[in-house]
Amino acid sequence: MRSLRKPAAVTIAAAAALALAACGSSGGSTPSSSNGKVTLTWWTNATAGQLKTVWQQAAVAFHTAHPNVTIQVEPLQNEAFTTKVPPALASSNPPDIYQQWGGGQEATQIPSGKVADLSKLSSGWIGQVGSAAQAWQVNGKQYGVPYDLHTVGFWYRKDLFAKAGITTPPATLAALESDDAKLKAAHIVPIAVGSKDKWPDAFWWEYFALRECPTATLKAAMKSVNLSASCFMQAGDQLKTFMATKPFQGGFLGTPSQVGAGSSAGMVANGKAAMELQGDWDPGVMAPLTSDKKLNSTLGWFPFPAISGGAGSPTTTLGGGDGFSCTTPAAEPACAQFLQYIDSTPVQKKVVAANVGLPANPAAASALSLPALKQVLAYNHAAPYVQTYFDIAFPTSVGQALDAAIATYFAGQGSPQSIITAVNQAKSQ
Amino acid sequence: MAVAGDKDVGVPQAGTSPAPPSPVAGRLSRVGRLPGPGAGSRRSRPRLRRRLELVVLLAPALALFVGFVLLPIVLAAWDGMHRWTGFGSLGPFAGLYNYRLVLSDPVFRESFVHNLIIVVASILIQLPLGLGVALLLNRRIRGRAFLRTLAFAPFVLPYATTAVMWLLLLQPGGFVDQSLKAVGLGGLVQLWLANLHLVLYTMIAVLTWQFFGFAMILMLAGLQGIPGELREAAALDGASGWQATRRITLPLLGPTIRIWLFLSVVGSLQVFDQVWIMTGGGPANASSTMVTYLVQHGFQSYEFGYGSAVAVIIFLICFIFALLYQRFVLRRDTRGALTRAVG
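Those protein sequences? They're chains A and B, same order as listed.
Read in order, the letters of the first sequence are residues 12 to 440 in the numbering used here.
Read in order, the letters of the second sequence are residues 2 to 344 in the numbering used here.
So that you can see chain A by itself, here it is in the shape it has in the complex (with noise of 0.2 Å):
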């Protein structure tokens, strides 16, 4: 029994959304740069912790050197941003400065005008970033710049590993899976997955999709959105006959990757489970959900293992990251020349001290405090070619469309060419 008036009231919150967002004050004012003086409003998704401190100081010692420029720090619910931005893009005075994920997302973004885009105010010093800061371009144009990057692969506990008698990690898959009977010999759940989120599903798909497919056809499926290609069907094969046998937890299906002690994050983290294909973000996900003090010490990372006869370079690796997008009044050097500020070393320097990432600015490396980090630093840069997650390089109706249609593939329903049928539509719609 619910209040009486549910989809009027879903309507009437998207309304009061859209009407709060034109008028609200909370939004980011056009820059006044009448005397000089311009005020920018910046949404971060840092609510809490280091992170949050660092953008402060930020804004704070940025405002010392450039005393006419003073950001507003205005934290979001990392959700948020999803219901948030579109209004605000809508609106005539969105945020100057706003959380950007890249990729098709960004794109979505480019139509409602707003967006500025940074290619001539970033071309000094965006090279620092590397191969990685394309994820943030649309049409060769850097409408975002990135803070950190990430990397996907597998986190496992060595001491596990040990008990079960491994003693290096796997580097194909045949190595993987007989890892993986070794370790059901020693009743340990060899891998931990969060089938409830959908987007852990997806990492595997994809991994075995850039096992697979050359790097020519991923670039190229990412341009025209479509999976035809038949690597991608190979891809959803490989993937079904290495979940035949068996080697997530039982009920992953209703797992979530990250909240609660029995998470998949969780479950590596107490010993339950040897690994866990996840981002460079997970250790600091099963800090807080485990007692043990000497966790960081027990994982360890090993690339996604290569498949033979894949014609996908082994080294290609999945990945993302979180950036900065600037809205086109704020365009004015001011926002980039902040988001500069955000990528030089001593900032980075911070940003990794906070646990959130891979440095976008490789100068900053040595603050990384996990050993481990490094490894998984090092291989991101030696990458050829780094793919965006799926779900943020395609637009985000298909990207979301591909997540649904891996989700219900790993409960047993669908086929590999259900998952490409799927992009191919939501594109069409």
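Some clues are possibly wrong.
Just a few of them, taken from the derived set where beta-carbon distance is under 7 Å, the chain A residues facing chain B [stated by the list, open to error]:
1) Leu264
2) Pro316
3) Ser408
If you're looking for bench data, these hints aren't it; they were derived computationally from the structure.
Glycine included, every Cβ here is placed at the ideal spot set by N, Cα and C.
Once you have looked at the hints, place chain B on chain A.
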């Protein structure tokens, strides 16, 4: 209302007498509302004043209703006719394309069927349960107030709290599994939230836990309104307890049951919070409802045109049900209040 006026005319018995209201008293009280004795203006001024009253009293509510209920619905219907990502101006006009797409999507149909299953299960489980507990707790038994509070407590919990609580209880190897094992029913342990064939019924169990207290409290309120004399008289005539319940209590509880049914069906069609938090509609859409579908395809996918179409369809389903129910079922209960002008 207009109590002061009544007193001016001096009809003390009109307000206090339990006798059937005499036409005189009625007229007097109406006359009594007149501000002054001026005979000529007696007819026109009250009418004018009443209209003014109506405008002044209704306008704010009407404005809110139009601005925040009707207008958004119309706007949503209009948005639903466009391929709109939520950015910039409305995308190209697509007519009923989105609506057709929603209705032909097997996942939406599946979600609709899930809602229907929840509707039927709510009625079949919560009604007898709520009614039974209400009949029990309507008697004079020790700890009655405590038991009532206990049965009603789940309904007072925020939906999100309920969902998180049951999510933890239903974890594999969690409290529910451990309890079953402890009493020797370990064989019944299931993957409550991960089994495609079971997850919807797990959700129904959670919804029943949360909402049967609401059925109970409504039934209790209904039972309070049934005069005890009726049952006493029946008992004197030799009716058994069951007969009295069956022939007297239940029929008199009819209006309450019908209103509960209405609230329950509309609520079941709109289930969202518990499902969203506990399963996200998964695995593989096995527990999806129309509203989880709406959030997934509207907000999460940035397809605001399509999402609006889903919202409008859900609204229409609920609205049509509400109209039909009002027309054919609730009509008797609301007659006089809604179908006849009062005053």
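The hints, checked one at a time:
{"no.": "1", "hint": "Leu264", "verdict": "holds (4 Å)"}
{"no.": "2", "hint": "Pro316", "verdict": "violated (26 Å)"}
{"no.": "3", "hint": "Ser408", "verdict": "holds (4 Å)"}
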